[in-house]
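Start from the sequences, fold in the hints, and give me the full structure.
2 protein chains.
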Amino acid sequence: MTTVDFTSFLEPKSVAIVGASRSPGKPGYLVISNLKANEYPGKIYPVNPQAQEIMGYKAYPSVADLPEVPDVAVILVPASATIEAVRDCVRKGIKAAVIESGGYTEVNERGAKLERELLQSAEKGRMRIIGPNTSGVISTPGRFVTTFYPLGKVRRGSVAYLAQTGNFATHTMRWILSAENFGVSRVVGLGNKCDVDDADVVEYFGADPDTRVICMYIEGFKDGKRFVEAARQVSREKPVIALVGGVTASGSKAVVSHTASLGASNPALIEGVLRQAGVVSIHRYTDLIDSAKALVFQPLPAGGRVGVIVPSGGMGVLAADTCVRLGLTLAELSQSTLKKLQDVSQPWIRIGNPVDIWSAIQNHSLEEGYRVAMEALLGDPGIDSLVAILVLTTDNPPPNLDFIPRFREKYPGKPVLIGVSGDKASFDLAKKTLESQSVPVYLPVEGACEALATMYRCSLSMQRGKHTRD
Amino acid sequence: MTTVDFTSFLEPKSVAIVGASRSPGKPGYLVISNLKANEYPGKIYPVNPQAQEIMGYKAYPSVADLPEVPDVAVILVPASATIEAVRDCVRKGIKAAVIESGGYTEVNERGAKLERELLQSAEKGRMRIIGPNTSGVISTPGRFVTTFYPLGKVRRGSVAYLAQTGNFATHTMRWILSAENFGVSRVVGLGNKCDVDDADVVEYFGADPDTRVICMYIEGFKDGKRFVEAARQVSREKPVIALVGGVTASGSKAVVSHTASLGASNPALIEGVLRQAGVVSIHRYTDLIDSAKALVFQPLPAGGRVGVIVPSGGMGVLAADTCVRLGLTLAELSQSTLKKLQDVSQPWIRIGNPVDIWSAIQNHSLEEGYRVAMEALLGDPGIDSLVAILVLTTDNPPPNLDFIPRFREKYPGKPVLIGVSGDKASFDLAKKTLESQSVPVYLPVEGACEALATMYRCSLSMQRGKHTRD
Numbered sequence: 410m411t412t413v414d415f416t417s418f419l420e421p422k423s424v425a426i427v428g429a430s431r432s433p434g435k436p437g438y439l440v441i442s443n444l445k446a447n448e449y450p451g452k453i454y455p456v457n458p459q460a461q462e463i464m465g466y467k468a469y470p471s472v473a474d475l476p477e478v479p480d481v482a483v484i485l486v487p488a489s490a491t492i493e494a495v496r497d498c499v500r501k502g503i504k505a506a507v508i509e510s511g512g513y514t515e516v517n518e519r520g521a522k523l524e525r526e527l528l529q530s531a532e533k534g535r536m537r538i539i540g541p542n543t544s545g546v547i548s549t550p551g552r553f554v555t556t557f558y559p560l561g562k563v564r565r566g567s568v569a570y571l572a573q574t575g576n577f578a579t580h581t582m583r584w585i586l587s588a589e590n591f592g593v594s595r596v597v598g599l600g601n602k603c604d605v606d607d608a609d610v611v612e613y614f615g616a617d618p619d620t621r622v623i624c625m626y627i628e629g630f631k632d633g634k635r636f637v638e639a640a641r642q643v644s645r646e647k648p649v650i651a652l653v654g655g656v657t658a659s660g661s662k663a664v665v666s667h668t669a670s671l672g673a674s675n676p677a678l679i680e681g682v683l684r685q686a687g688v689v690s691i692h693r694y695t696d697l698i699d700s701a702k703a704l705v706f707q708p709l710p711a712g713g714r715v716g717v718i719v720p721s722g723g724m725g726v727l728a729a730d731t732c733v734r735l736g737l738t739l740a741e742l743s744q745s746t747l748k749k750l751q752d753v754s755q756p757w758i759r760i761g762n763p764v765d766i767w768s769a770i771q772n773h774s775l776e777e778g779y780r781v782a783m784e785a786l787l788g789d790p791g792i793d794s795l796v797a798i799l800v801l802t803t804d805n806p807p808p809n810l811d812f813i814p815r816f817r818e819k820y821p822g823k824p825v826l827i828g829v830s831g832d833k834a835s836f837d838l839a840k841k842t843l844e845s846q847s848v849p850v851y852l853p854v855e856g857a858c859e860a861l862a863t864m865y866r867c868s869l870s871m872q873r874g875k876h877t878r879d
Numbered sequence: 410m411t412t413v414d415f416t417s418f419l420e421p422k423s424v425a426i427v428g429a430s431r432s433p434g435k436p437g438y439l440v441i442s443n444l445k446a447n448e449y450p451g452k453i454y455p456v457n458p459q460a461q462e463i464m465g466y467k468a469y470p471s472v473a474d475l476p477e478v479p480d481v482a483v484i485l486v487p488a489s490a491t492i493e494a495v496r497d498c499v500r501k502g503i504k505a506a507v508i509e510s511g512g513y514t515e516v517n518e519r520g521a522k523l524e525r526e527l528l529q530s531a532e533k534g535r536m537r538i539i540g541p542n543t544s545g546v547i548s549t550p551g552r553f554v555t556t557f558y559p560l561g562k563v564r565r566g567s568v569a570y571l572a573q574t575g576n577f578a579t580h581t582m583r584w585i586l587s588a589e590n591f592g593v594s595r596v597v598g599l600g601n602k603c604d605v606d607d608a609d610v611v612e613y614f615g616a617d618p619d620t621r622v623i624c625m626y627i628e629g630f631k632d633g634k635r636f637v638e639a640a641r642q643v644s645r646e647k648p649v650i651a652l653v654g655g656v657t658a659s660g661s662k663a664v665v666s667h668t669a670s671l672g673a674s675n676p677a678l679i680e681g682v683l684r685q686a687g688v689v690s691i692h693r694y695t696d697l698i699d700s701a702k703a704l705v706f707q708p709l710p711a712g713g714r715v716g717v718i719v720p721s722g723g724m725g726v727l728a729a730d731t732c733v734r735l736g737l738t739l740a741e742l743s744q745s746t747l748k749k750l751q752d753v754s755q756p757w758i759r760i761g762n763p764v765d766i767w768s769a770i771q772n773h774s775l776e777e778g779y780r781v782a783m784e785a786l787l788g789d790p791g792i793d794s795l796v797a798i799l800v801l802t803t804d805n806p807p808p809n810l811d812f813i814p815r816f817r818e819k820y821p822g823k824p825v826l827i828g829v830s831g832d833k834a835s836f837d838l839a840k841k842t843l844e845s846q847s848v849p850v851y852l853p854v855e856g857a858c859e860a861l862a863t864m865y866r867c868s869l870s871m872q873r874g875k876h877t878r879d
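As you go down the protein sequences, you meet chains D and S in turn. Take 410 as the starting number for the first sequence in this note's numbering and just add one per residue. Take 410 as the starting number for the second sequence in this note's numbering and just add one per residue.
For the record, the hints were derived by calculation from the structure and aren't laboratory data. Nothing here was measured: the structure is a model prediction, and the numbers come from that model. Here a beta-carbon is modelled for each residue, glycine too, at the ideal position from N, C-alpha and C. There may be inaccurate statements among the hints.
Stated by the list, open to error - Partial selection, computed: residues in chain D whose CB lies under 7 Å from chain S: (1) Asn-576; (2) His-580; (3) Ser-666; (4) Leu-727; (5) Asp-730; (6) Val-733; (7) Glu-855.
As the list claims (entries may be wrong) - Non-contacting residues of chain D with respect to chain S, defined by C-beta distances greater than 10 Å in every case (computed): (8) Leu-528; (9) Glu-646; (10) Pro-814.
Okay, structure coming up:
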């Protein structure tokens, strides 16, 4: 059981910004402007010995002067000054601190010593630390953000990121907000994790009603055994996917100067930990977005039998290769499904799975061709999931694709993932339209198949986890 | 040596459209409208027994009635009528035909018989066939297009596609035209390749002065030995990359109903053929675009030592992992390079490769930070290539990135590939700006590293090929 009180970190009623600044662009300014942009409902206490007021908030010369004990302190002063800041916080009785500055174990032995001192001081006061060397946390339910990167309003949703990188609270979050259509519940950037670690966070995310999907980027575990214990429980109930950084010698060397993690030097060990924990490994940074949206938008498939619809034979071949390579099975179509497909296609077409939709959309409208074929596959009891690659161009008015999200009601347990081939403008429009109705959209050919394969591995992991418990 | 006269197929002075149509949207209409959109400079002869005129061109009731022997015939009539059309063309003395209709070997034994008959008739008249079951060819130098998919004007460039799929002359070409910034020289969709095959085309592309990069999608070889002989010569002079479809049992089954290729049932054999031929295998459909643009925009690296610049430690770890996994080496930085990087960074930063640029862009401007670091790496004699991941958002006016394309002049043999993290609008703008100056742009983290690794494998293959010949 984690001993960390995450309410202080993620839904605090008050926050001290130690190292607040009046200069736009400075971290101590940007944290406050992010809190404002997210309409943080709690009390904000800027701490700055030179300021009377920052962005409309009364500033205090020191933590000791604050009119109450805030739930959390965000510490932005340089590494050399953090030990004093931590002591001030402890003396005040603050129980949670996010330490964002770098210059600790990831730099040199002097930094490592400083990091140990921080922790000792905090432990004396029973104060918990996230960091150091992190952009901290985002919590949309708490409307709370500690990051020093300008984010604006973060879209609320059910995906949580547990990352040993600041990216998900900084520029990658900007990408998610501007290019994607799903929202996040929480982001915790752990940095050097001198105190709060993966096991604590995954356990919290597991119990968090606002989180349905858990995505991790990790460079090593402080305590693999504790992580397995925590994550095994969680991965029975929610999909947990993880990207491991530092799996090569050069990557591992880069880890040392990034978060100084120890475990990363042994990637096989980390893989073993993840497997025991029921966590599904992914292998590309973009999967942390592409798989996340599939997992949060669509139900997990009950089995691995996929139906595929493509606008070209070549895409069918490649989709089949991708699915099979990643552990899915191309479903055998029933006689009744074959007949439905044959009825909409030109008579000379050889029908199989993948279904080449080209002749059906020549015979009928594009909308009608896809609608009939998708319905035929989804209605087949031998099929657990559907990938359909649409072909869309700006030559014609965009087809009404609302029939696709509506399949969810009739076939509630079968995930549907879409690829779009054709003009960029058509792709962008279909992505926006469909994803706003919880149907994930990918570039052809591999994207949708890869995300579905990750979903299936999550489904298997949950089934195994439940079986083990029973 | 190929016996195919590709001038007739790709730079014909006159073309007969057998099965031309007055109905917008029909294949026989769209081929002509594509020719118009590409300002085809030759003679267009629509053949249609019911029409006087189609889109401003005088129509002829039959091939026999044409006022001259056209260089090439595009045959669009249904499979059942093709044998007559082929005989008409042969009688007229036409020496080249693109047969686009489907319904042959890929469908059933009756279709296979029909395909054999087509070929026999053509052989009698020494007429060569591309197809059947294909969208045919695109040739920007010839301003010639046979595809029945509305394309508009195809952007001229130096990438050639040899594909056993129609996609590169249809919807994937629409993606390239609307989302990418490189141009193509030729596209040949081979379909069932009853006559003209991969060996013929690759030999032609090898000798084609308009083609610098050759990309293939293949589902099998008719004659692997002949392909090896042809491609070995070509891959010494130009990069040749290939994606193989049908490498799993389900993919291979899909091949049968797509192009009826035989070789696809033995992927190991195909891989062996490619290796002997000096052709570099790629593994994702998107690589046919992402690697193509790197190969056509940038020089091949002389060696595998890469310098990497990232805006975050986590991205550095993942970039290093990706490079190393794909056969590149993270370069050791010289003392002088380290000093230059240290000079622009905050003093407490531990400098290494990948270079974490964050502190330098905090110290200086974003432009200055990247400029100094990129120049330092490119000037290091121990580095063969550079991947830089920029971090860009819409908060600030877009930085002037023109210094990046200018490195090409000073460091002509070192490829530079860019990733962009941040807002989608910033990504789109940087991609347009940089790619219009021949610097390829990718989403972080893996894209740029993967394309560079493909370039390096092409470089090795060319070096080996030259060595073998000497």
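Results of checking the hints against the structure:
1. Nearest Cβ of chain S to the Cβ of Asn-576/D: about 5 Å, under the 7 Å cut. The hint holds.
2. With a cut of 7 Å, the hint placing His-580/D at the interface with chain S holds, because the nearest CB-to-CB distance is about 4 Å.
3. The beta carbon of Ser-666/D is positioned within 7 Å of a beta carbon in chain S (closest approach about 4 Å), and the interface hint is therefore held.
4. With 7 Å as the threshold, the beta carbon of Leu-727/D comes within range of chain S, its nearest partner Cβ sitting at about 5 Å, so the hint holds.
5. With 7 Å as the threshold, the beta carbon of Asp-730/D comes within range of chain S, its nearest partner Cβ sitting at about 4 Å, so the hint holds.
6. Hint on Val-733/D holds. Least Cβ distance to chain S is approximately 4 Å, under the 7 Å limit.
7. The interface hint given for Glu-855/D holds, since its Cβ lies 5 Å from the closest Cβ of chain S, which is under the 7 Å cut-off.
8. No Cβ of chain S approaches the Cβ of Leu-528/D within 10 Å, the least distance being about 19 Å, so the stated non-interface status holds.
9. Taking the minimum C-beta to C-beta distance to chain S, about 27 Å, the non-interface status of Glu-646/D holds against the 10 Å cut.
10. Every beta carbon of chain S lies more than 10 Å from that of Pro-814/D, the smallest distance being close to 23 Å; the non-interface claim holds.
The structure is consistent with each of the numbered hints, conforming to all of them.
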